[in-house]
Structure formats: C-alpha cells, structure tokens
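Enquirer: Working from the sequences, and respecting the hints, build out all of it.
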Amino acid sequence: MYPAPTSVPLVNHGAGSWTVRSDSDRAITYTVTRTPAGSWDCNCPGFRYHEHCKHADRQRAEWDAPFTMDDVA
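Numbering (our numbering), first residue to last: 421 to 493.
Derived from the structure by calculation, the hints contain no laboratory data.
The structure displayed is predicted, hence computed values, not measured ones.
Idealized CB from N, CA, C, for every residue including glycine.
Hints are supplied without guarantee of correctness; some may be wrong.
[As the list claims (entries may be wrong)] Okay, derived cross-link-like pairs now, SDA-like style, lysine to any residue, Cα gap no bigger than 25 Å in a straight line:
| id | residue 1 | residue 2 |
| --- | --- | --- |
| 1 | Lys-474 | Thr-455 |
| 2 | Lys-474 | Asp-484 |
| 3 | Lys-474 | Thr-439 |
| 4 | Lys-474 | Gly-458 |
| 5 | Lys-474 | Thr-453 |
| 6 | Lys-474 | Thr-451 |
| 7 | Lys-474 | Asn-463 |
| 8 | Lys-474 | His-433 |
| 9 | Lys-474 | Pro-456 |
| 10 | Lys-474 | Arg-441 |
| 11 | Lys-474 | Ala-485 |
| 12 | Lys-474 | Trp-460 |
| 13 | Lys-474 | Ala-435 |
| 14 | Lys-474 | Thr-449 |
| 15 | Lys-474 | Arg-454 |
| 16 | Lys-474 | Arg-446 |
| 17 | Lys-474 | Ser-444 |
| 18 | Lys-474 | Ser-437 |
[Said to hold, decoys possible] What follows is a set of in silico ranges between Cβ atoms, one per label pair, in the way DEER data are often shown:
| id | residue 1 | residue 2 | range |
| --- | --- | --- | --- |
| 19 | Asp-477 | Arg-446 | 16 to 22 Å |
| 20 | Pro-486 | Pro-465 | 30 to 36 Å |
| 21 | Asp-445 | Pro-486 | 15 to 21 Å |
| 22 | Ala-435 | Glu-471 | 18 to 24 Å |
Expert: Take a look at the structure:
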C-alpha cells in the first residue's frame, strides 16, 4: 500500500501515541494516536482531509503485527 517507512517513530510516547516524520519534509513531524476505542488519528493534513494517512496506516500495521519471540531481546 505505502512504501516501507524510512525510519521508526521518533518518539513512542506510550499509551498509543507516537511522533513520526513526514516523508516529504523530514523536518516536519506529526503525532499519530490510537484511541482507547481502537480508532487511529494523525494531525497531518492528509488525515484531516481524507480521515486516513500513511503515518497512521504504518503505525496500525506495526501495532497489528504478530508478536514473536524474535522480538524479545
């Protein structure tokens, strides 16, 4: 759907909130949030216009990824 993220989130704020970089301007950051009800939000212009965006989609994909023992360091 979208290209692989160029980097991991800048900051994981915990409780379902992340700061991520814009793909088009690496100096711009957005906040992606997962609500307690399970919906997703991002403060980027695309999300405000379309009610979805690649930033939220990437975090959702990471959130939904299956956990394996390889993830344990």
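Enquirer: Now look at each hint and say whether the structure bears it out.
Expert: Verification of the supplied hints:
For the proposed pair Lys-474 and Thr-455, the alpha carbon gap of about 17 Å is at most 25 Å, so the pair holds. Among the hinted pairs, Lys-474 with Asp-484 is consistent with the structure: their alpha-carbon atoms are about 15 Å apart, no more than 25 Å. Between Lys-474 and Thr-439 the alpha-carbon distance is near 13 Å, which keeps this suggested pair within the 25 Å criterion. Distance check on the hinted pair: Lys-474 and Gly-458 sit about 17 Å apart at the alpha-carbon level, within 25 Å; holds.
A C-alpha spacing of about 13 Å is found between Lys-474 and Thr-453, which places the hinted pair at or below 25 Å, so the restraint holds. Between Lys-474 and Thr-451, the direct Cα distance comes to roughly 12 Å. Compliance with the 25 Å bound is thereby established for this hinted pair. Distance check on the hinted pair: Lys-474 and Asn-463 sit about 12 Å apart at the alpha-carbon level, within 25 Å; holds. For the hint pairing Lys-474 with His-433, the CA-to-CA distance comes to about 19 Å; that is within 25 Å, so the pair holds.
Distance check on the hinted pair: Lys-474 and Pro-456 sit about 20 Å apart at the alpha-carbon level, within 25 Å; holds. For the suggested pair Lys-474 and Arg-441, the alpha carbons sit about 11 Å apart, so the restraint of at most 25 Å is met. Distance check on the hinted pair: Lys-474 and Ala-485 sit about 16 Å apart at the alpha-carbon level, within 25 Å; holds. Restraint check for Lys-474 and Trp-460: the C-alpha separation of about 11 Å stays at or below 25 Å, so the hint holds.
Proximity of Lys-474 to Ala-435 is assessed by CA-CA distance (about 20 Å); at most 25 Å being required, the pair is judged to hold. A threshold of 25 Å between alpha carbons decides the hint, and for Lys-474 with Thr-449 the separation of about 13 Å falls inside it, so the pair holds. Proximity of Lys-474 to Arg-454 is assessed by CA-CA distance (about 14 Å); at most 25 Å being required, the pair is judged to hold. With a C-alpha separation of about 15 Å, the suggested pair Lys-474 and Arg-446 falls inside the 25 Å cut-off, and the hint holds.
Of the pairs offered as hints, the one joining Lys-474 and Ser-444 holds, with about 12 Å between alpha carbons and a cut-off of 25 Å not exceeded. Of the supplied pair hints, the one linking Lys-474 and Ser-437 holds, its CA atoms being roughly 15 Å apart against a limit of 25 Å. The hint said 16 to 22 Å for the Cβ distance between Asp-477 and Arg-446, and at roughly 19 Å that hint holds. Between Pro-486 and Pro-465, the C-beta spacing of about 32 Å keeps the proposed range 30 to 36 Å intact.
Separated by about 33 Å at the C-beta atoms, Asp-445 and Pro-486 break the suggested range of 15 to 21 Å. At roughly 22 Å, the beta carbons of Ala-435 and Glu-471 sit within the given window of 18 to 24 Å.
Checked against the numbered hints listed earlier, the structure breaks hint 21 alone; every other hint is satisfied.
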